[in-house]
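Enquirer: Note that the protein sequences, when read in sequence, are chains A and B.
Each residue of the first sequence is one higher than the one before, counting from 4 in this note's numbering.
Each residue of the second sequence is one higher than the one before, counting from 432 in this note's numbering.
No lab work stands behind these hints: they were computed from the structure.
Note that the structure is a prediction, hence the values are computed from the model and not measured.
From the three backbone atoms N, C-alpha and C, an ideal C-beta is built for every residue, glycine too.
It cannot be assumed that every hint is accurate.
Unchecked claim - Sample of chain B residues facing chain A (criterion: CB under 10 Å; computed from the structure):
1) Ala795
2) Ala896
3) Ala899
4) Ala900
Stated by the list, open to error - With beta-carbon atoms standing in for the labels, derived distance ranges:
5) Ala616(B) <-> Leu10(A): 42 to 48 Å
6) Glu24(A) <-> Trp436(B): 31 to 37 Å
7) Asp60(A) <-> Ala439(B): 25 to 31 Å
8) Gly61(A) <-> Thr512(B): 36 to 42 Å
So you can see what is in the structure, the chains are spelled out below.
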Amino acid sequence: MDNDVLLGAYVFLLAIFLGIELIGRVPATLHTPLMSGTNAIHGIVLLGAMLILGSVDGFLLELIGFVAVVLGAANVFGGFVVTDRMLEMFRKKPGAGGARQGK
Amino acid sequence: MIDNWRDALIDWSYVVAAILFVVGLKQLGSPATAQRGNQLAAIGMAIAVVATLFTRGLDNRLLILVGIAVGAVISVYPARTVKMTAMPQMVAIFNGMGGATAALVSVAEFQDKVDVPRGEVISIVLGTLIGSISFTGSMIAFAKLQELMSGRPIVFPSQKTVNAALAGVIGVLAILVIAIQEGNAARTLLVLMFLAALVLGASLVLPIGGADMPVVIAILNSLTGLAAALTGFVLGNQALVVAGALVGASGSLLTMLMARAMNRSVANVLFGAFGGGPAVGAGGGGGDGGEALPVREISAEDAAVPLAYAQRVIIVPGYGLAVAQAQHSVRELAELLTGRGVDVRYAIHPVAGRMPGHMNVLLAEANVSYDDLYEMEQINDDFGKTDVALVIGANDVTNPAARNDTASPIYGMPILNVDQAVNIIVLKRSMKSGFAGIENELFHDPKTTMLFGDAKDSLTKLIAAVKAA
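Chain A on its own, in the form it takes in the complex:
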């Protein structure tokens, strides 16, 4: 168990450095999509919710687990879809005209 914690700490610290390195020089234009993208990635906590709902007994704890799964899934799906829509805007060819009726 101690080994697990130690391993976790290693992984955690290395990932922290990696996270900082990865987005060190991102242009301001991409800050919003980046925030939205990382927002989707922390939806990974859905996994925790699944494991909890899959292991608890009793109505109350199952209810808490279920709510957690719903919220976690909403974080994941909503996060990736919103980010994709933002980035769609960047991909569109400049001056393509046409679609004037934006949302």
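Go by the hints and put chain B onto chain A.
Expert: Positioned in the frame of chain A, the structure of chain B alone reads:
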């Protein structure tokens, strides 16, 4: 034997997912690959979720699938249909959901488990604390951005004392839970701490002004990542630890970058001039006398003439343009002017809109060419050579007080040098001050004329008037 294979397969799926997150995050940092990066991260997430479903001894599989389906249904529709202007609050609400998930997972894990090692108890306590602060904080940020509540700092007497007391109570409860470690008493105390943390999250964000919400969301985003990593410790799941730590780290860095774009420290955003003191600097300093200052109002017809006969025009779009959904009208006006031989460019302040890069997204949506968008540093020296600066719904980012007035709460924030243009036309709904809640002396500049009204209506009138000119 088969079970071993199954476990190994699940573990390796997590490794693949982690790699996809890292590569995806890397690609999100460059405009050309950003969309693919997001998709890679989504694939990684799908792999991780499916692998988790196959975890040995997992009960309630059907219920889990139903929960995921419900979560997908309630989030995908709003995420697909929400207006681009409302993106920041969508990010806030999804972030809050992630925070709530982390807190609920931590609480449920503690209620369910016996013989929890102390290290895990600490993770549980921190996960509960950070997750619930992120949840209610995000909800307040959402409410402020959605204008369900005032974007102004909300302060009440002895707020700091209340927050400090609350933080103290939470600290004591946390220490007690960690010390007692197990049993019903510890469980009850953890639930109490969870509730107190929910209140604290809300009361920390309430006094922060709407203009600072992007930075707040970035902080809360980072916190949710951290909370996710903490639940990973408790559940012994490295995928959670890696992804959570990645977000926690990149989120903190993003927070600092954003704060730097506004020339503020993060502490200043959280507890500073906008939020901390009961708006003395904001409401008072120079603002009160300002209302008596003269303002020159102009009609659309009169405003059209200098535009139509200008050589160089710089358009300064702000959040007002986005709210009025006027990005298409502004493009139409720009094309009309370009057709008359006017050189039209856009000056984009780093925090134009409500988040860094938000304005670029909005203008890209209206098919404005990237080549016409200039960042502040590129264009700031050109205002002096510009005949007309057309300010549309931007306020604080054009306020010369940021340069001149050391007493101003936005003093030191980099601004667009709109005041150096020969003529300044400001399209604005009313004389109401911007999100920072301070008077803008630009509006009282003798070179400035104001065209009041909804940005879209004003632009439509301007377009007609320019055609007639």
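Enquirer: Indicate whether the distance between the beta carbons of Gly61(A) and Thr512(B) respects the range 36 to 42 Å.
Expert: holds, 38 Å
Enquirer: Tell me if the beta carbons of Asp60(A) and Ala439(B) are separated by a distance inside 25 to 31 Å.
Expert: Hint holds: Cβ distance 28 Å, inside 25 to 31 Å.
Enquirer: If I claimed the Cβ atoms of Ala616(B) and Leu10(A) lie 42 to 48 Å apart, would that claim hold in this structure?
Expert: violated, 32 Å
Enquirer: Using 10 Å as the Cβ threshold, decide whether Ala896(B) counts as touching chain A.
Expert: Constraint on Ala896(B) not satisfied, violated at 21 Å.
Enquirer: Would you settle whether the hint for Ala899(B) is holds or violated, based on the nearest Cβ-Cβ distance to chain A being less than 10 Å?
Expert: Check failed: Cβ of Ala899(B) comes no nearer than 22 Å to chain A, outside 10 Å.
Enquirer: Using 10 Å as the Cβ threshold, decide whether Ala795(B) counts as touching chain A.
Expert: Hint holds; Ala795(B) Cβ to chain A Cβ min 4 Å, cut 10 Å.
Enquirer: Taking the CB of Glu24(A) and the CB of Trp436(B), does the distance hold inside 31 to 37 Å?
Expert: holds, 35 Å
Enquirer: Does the CB of Ala900(B) sit less than 10 Å away from some CB of chain A?
Expert: violated, 24 Å
Hint compliance for this structure: hints 2, 3, 4 and 5 are not met, and every other hint is.
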